[in-house]
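From just these sequences and the hints, can you work out the full model?
Listed below are the residues making up each chain.
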Amino acid sequence: MISQEVKKILFEGDKKVATRNAYGEKLAEIGEVNKDIVALDCDLSKSTMTALFARKFPERFFNMGIAESNMMSVAAGLATMGKIPFASTFGVFASKRACDQVSASIAYPGLNVKICATHTGLAVGEDGATHQAIEDVAIMRAIPGIVVISPSDGTETGKVIEAVIQYKGPCYVRLGRSASPLIFNDDYVFRIGKGVRLFEGNKATIVTAGFTTHICILAAKKLEADGIEVDLINMSSIKPIDEELLIESAKKTGLIITVEDHNIIGGLGSATCEVLSEKHPARVVRMGVKDKFGASGTLSELYEAYGFDESSIIKTVKENILNKIV
Amino acid sequence: MKTNNDKKEIQEDKKEIIDSLKKVANKLRIDVIDMIYNAGSGHPGGSLSAADIITVLYFHFLNIDPKNPQWADRDRFIMSKGHACPIWYAALAEKGYFDKSHLGTLRKINSILQGHPDMKKTPGIDMTTGSLGNGLGVGVGMALAAKLKGKLYYSYILIGCAEHNEGVLWEAALAAAKFKLDNIIAIIDYNKLQLDGYNDEVMPIEPLANKWIAFGWNVLQINGHEIDQIINAIETAKNTKGLPTVIIADTIKGKGVSYMEDKCSWHGKAPSKEEYEQAMKELTG
Chain A
1 MISQEVKKIL FEGDKKVATR NAYGEKLAEI GEVNKDIVAL DCDLSKSTMT
51 ALFARKFPER FFNMGIAESN MMSVAAGLAT MGKIPFASTF GVFASKRACD
101 QVSASIAYPG LNVKICATHT GLAVGEDGAT HQAIEDVAIM RAIPGIVVIS
151 PSDGTETGKV IEAVIQYKGP CYVRLGRSAS PLIFNDDYVF RIGKGVRLFE
201 GNKATIVTAG FTTHICILAA KKLEADGIEV DLINMSSIKP IDEELLIESA
251 KKTGLIITVE DHNIIGGLGS ATCEVLSEKH PARVVRMGVK DKFGASGTLS
301 ELYEAYGFDE SSIIKTVKEN ILNKIV
Chain B
327 MKTNNDKKEI QEDKKEIIDS LKKVANKLRI DVIDMIYNAG SGHPGGSLSA
377 ADIITVLYFH FLNIDPKNPQ WADRDRFIMS KGHACPIWYA ALAEKGYFDK
427 SHLGTLRKIN SILQGHPDMK KTPGIDMTTG SLGNGLGVGV GMALAAKLKG
477 KLYYSYILIG CAEHNEGVLW EAALAAAKFK LDNIIAIIDY NKLQLDGYND
527 EVMPIEPLAN KWIAFGWNVL QINGHEIDQI INAIETAKNT KGLPTVIIAD
577 TIKGKGVSYM EDKCSWHGKA PSKEEYEQAM KELTG
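Heads up: the protein sequence lines correspond to chains A and B, in order. The opening position of the first sequence corresponds to residue 1 in our numbering, with each subsequent residue numbered one higher. The opening position of the second sequence corresponds to residue 327 in our numbering, with each subsequent residue numbered one higher.
Because the hints were derived from the structure by calculation, they are not lab data. Computed from a predicted structure; not experimentally measured. Possibly wrong hints are sitting among the right ones.
[As the list claims (entries may be wrong)] Simulated pairs of lysine-lysine, DSS-like, Cα-Cα distance not exceeding 25 angstroms:
no.	chain 1	residue 1	chain 2	residue 2
1	A	Lys168	B	Lys473
2	A	Lys15	A	Lys222
3	B	Lys393	A	Lys35
4	A	Lys46	B	Lys393
5	A	Lys35	B	Lys477
6	A	Lys159	A	Lys16
7	B	Lys477	B	Lys393
8	A	Lys56	B	Lys506
9	A	Lys292	A	Lys279
Quick look at the structure:
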């Protein structure tokens, strides 16, 4: 069930926003007040939505061409001068093409670069596997010192952008192409390292972040209608992760289901296992992309085919609750 | 108007400057051999080829304050060929950024002098490097920031010739030209050798000057061991407006130690005791 306290921060109504749009709008808005912010893009500004910033502040926007590695180097150089560079491209390129520069030139010297990558996960849809980032969280999480955040809706995205500007150091923000329903209203407070429990129950814990969060909300509602109450944790701060909340919930339910639009190796599921296996061993079932590349299709077709759509989540929760009793 | 006497004086002044810089370069070469011998590993070849360039930058051009390494308006220097850092550390110690006793700790645990440059550990280091090809792009970022802030400092980037194998270097070259970054001065330590052999065997990069010209750069070619040529080239670069300058400096890997010169085997190893003694004899002789 949803507590009265949580209800206060939930968006009422039916509005869909893509997190990339929320990012572009927030960046253009904050650019007015924070003149240290600069933005870089690799010929994708109309897709990552940094074009909104570029239109308002052309002198603070650098189109680096289709050269992601160099964009990260240039962002590092700008950061050494006290600028706050927002470097944007698709998640596949930010994490894989530019991995060396992100690690050696941004993370190792601890430079204040904000990598805001869009088009992550199978939710990209029709463009197919080469454009669906399913390893980005694993890669970024493994690089020392990078904060990894996967906001779950447009409102949270805006809050995350504000938070990463306040935070000094490298951050990776995982954004999406497709629109999804707003979850939070403006009273929601995002803090790096903190998750938020959207539903409360004791049968199981669902941990999710990013585009899958709204699907997990639908699943939790249906489970509740079937008399199965679960904890649903929105863990947008994947690194640092909210260990306390995970442990507390695992102690209560004894069963964790992680749901992510990412390879189950190295992402939110792995991060959850790392915490619980060391601090409170409990059964963790990882839902997401099961070590396969993506494909073309609509996002709902893909989520169903890869087994983490709403009905798969409900089924997995129910089956594992039965296993738990046995 | 300058009289003949004035000209003569200027020439004598210049000769004095050149002679004193030569002495510094030799001193730094001695430090390099000492450091790498003590460390038991390191990259002598590329450190020695860059010795004269580093000397001219640090003891003639760079607008820096060793007592205030983070001074905002300082010139920036990036050693993109990070493995040649012993020569950089020697120059920084000589300038007074840190005590010379640190030189003996190169590559050792808890040292401020890492195997490759680390801006968080070593005073005077403006950028962490080590993964080849990345320095120029960082310099582009520094130069863009200078333009945005209306600052007049220069960003100098020392590039190894084999870094031209890295695609990202060319991405950075395109970007510097696009943004007309005349506050960037790239210097190529063109010693023609890399770890596995000559550039021509491993991956040919010629015609190098033509490549940079085609990428929209002002290109100067000099002998990278002739102090006056290095000085003149950097002066020309600073007076060039509207486009970035690259100075292609012909150098000899291992320059100054006879048995190391033009030998790729001296890319990344320390001298033995006998080799060390011979090197010292040659450099101090």
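Do the hints match the structure? See the list:
{"no.": "1", "hint": "A/Lys168 with B/Lys473", "result": "holds, 23 angstroms"}
{"no.": "2", "hint": "A/Lys15 with A/Lys222", "result": "holds, 21 angstroms"}
{"no.": "3", "hint": "B/Lys393 with A/Lys35", "result": "violated, 30 angstroms"}
{"no.": "4", "hint": "A/Lys46 with B/Lys393", "result": "violated, 46 angstroms"}
{"no.": "5", "hint": "A/Lys35 with B/Lys477", "result": "holds, 16 angstroms"}
{"no.": "6", "hint": "A/Lys159 with A/Lys16", "result": "holds, 17 angstroms"}
{"no.": "7", "hint": "B/Lys477 with B/Lys393", "result": "holds, 21 angstroms"}
{"no.": "8", "hint": "A/Lys56 with B/Lys506", "result": "holds, 22 angstroms"}
{"no.": "9", "hint": "A/Lys292 with A/Lys279", "result": "violated, 30 angstroms"}
In this structure, the earlier hints numbered 3, 4, 9 are contradicted, and the remaining ones agree with it.
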